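Asks: Sequence:
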Amino acid sequence: MPEDLYLGIDGGQSHTEAVIADGDGNVVGRGRAGPSNHAEQPGGRERLRRAVVESVERALEIVEKPSLKEVTFAAAHCAMTGGAEFKEEVIASILRARHLKVGHDAPAALAGSLAGGPGVVVIAGTGAVSYGENSRGESAQSGGWGHLFGDEGSAYWIAKEGVRRAMIAEDCLLGRTNLRASALTHFQKTSLRVLALSVYGEEISRDQLATFAETVHAAALSDDTVAHDIISEAGKSLAALAGVVISKLYSDSEIAPVAYVGGVFRGELARQSFAAALDEQTPHAHVVAPRFDPAIGALLLSYRAAGVKLSDELLSNLSERGEV
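For the sequence shown, the residue numbers in the numbering used here are 1003 to 1326.
Keep in mind that the hints were calculated from the coordinates and are not lab data.
If you're wondering where the values come from, they're calculated on a predicted model, not measured in any experiment.
For each residue, glycine too, the CB sits at the ideal point set by N, CA and C.
Take these hints with a grain of salt, some might be off.
[To be verified] Cβ-Cβ distance ranges computed for the label pairs, FRET-style:
#, residue 1, residue 2, range
1, Gln-1190, Glu-1315, 49 to 55 Å
2, Asn-1028, Ser-1137, 24 to 30 Å
3, Leu-1176, Ala-1220, 17 to 23 Å
4, Arg-1138, Arg-1178, 47 to 53 Å
5, Ser-1137, Ser-1095, 19 to 25 Å
6, Asn-1028, His-1149, 36 to 42 Å
7, Glu-1063, Ala-1291, 26 to 32 Å
8, Ala-1291, Glu-1205, 34 to 40 Å
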């Protein structure tokens, strides 16, 4: 087993991913487990503990000493969605590391996307948030208010709008759309009223509702104008989040690199809508594809905490296993 091991964890609403590497950027293991969000809910702390333990132990399977109890990491960075403050106690009881940091997920997403460099990232998964850092060490965030108060452009928002506009169309208050039939098929319900009751009664969770976003995107690609409008609006909302962060960190004469992360951006139309809206709203922004995923981003932050230089050689080694 390498003498020094570094750990990065990306704890999200859909899954928790751990990546372990040596001091030169050679990845020795990856592991994935269930979600680690909603830790404040009943049973949430145990769910968080289980997700972290399972993801790290799966990453350690190919290392000579696979037991988590036998490993002290040189550094570990845990990037957690939905706030990190109350999660630190749980994670500190699980992991042993000379440098341990439990933080929010956005800085890790930025670090991964831009390989540790300054810029802005927009995260559009179940929720939506933008975060940035400039070369002067300043940082800013926009969005991230959750599904009740924000998250415009997120998978949840796209899915909710898809169902909502299908309901409006059923009341003959909106143009023709196939979203009604698509929603009933996706959620296996007999009517939109039954679907609504299932959502209000929490038979369908927020995360489950968000899965309908992919169907809305597919409908948009099939020339469903109602679905197309939803994806277009999502792109504009996400671009607006980035624009707020850029305005706080960059002057109009500075080029602002902007990367994107999250399931919404797997959709080509969503990416195109986002890029076009950002170019119109903030001309000095430069959209770039993410280099590494957020788990690698958390790993990069663990290196930084331990004083390890993010050299070209280290990043090249990571590229062999970690590029998006």
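Asks: Now, for every hint given, state plainly whether the structure supports it.
Replies: Going down the list of hints, with the structure as the test:
Range check, Gln-1190 to Glu-1315: Cβ separation about 52 Å, and the 49 to 55 Å hint holds. The supplied range of 24 to 30 Å is met by Asn-1028 and Ser-1137, whose beta-carbon atoms lie about 29 Å from each other. Roughly 19 Å separates the CB atoms of Leu-1176 and Ala-1220, a value that falls within the hinted 17 to 23 Å. The beta-carbon spacing between Arg-1138 and Arg-1178, approximately 52 Å, falls within the hinted interval of 47 to 53 Å.
The hint said 19 to 25 Å for the Cβ distance between Ser-1137 and Ser-1095, and at roughly 37 Å that hint is violated. Roughly 39 Å separates the CB atoms of Asn-1028 and His-1149, a value that falls within the hinted 36 to 42 Å. Between Glu-1063 and Ala-1291 the beta carbons are some 30 Å apart, a value that agrees with the proposed interval 26 to 32 Å. Under the hint 34 to 40 Å, the C-beta atoms of Ala-1291 and Glu-1205, about 38 Å apart, fit the expected range.
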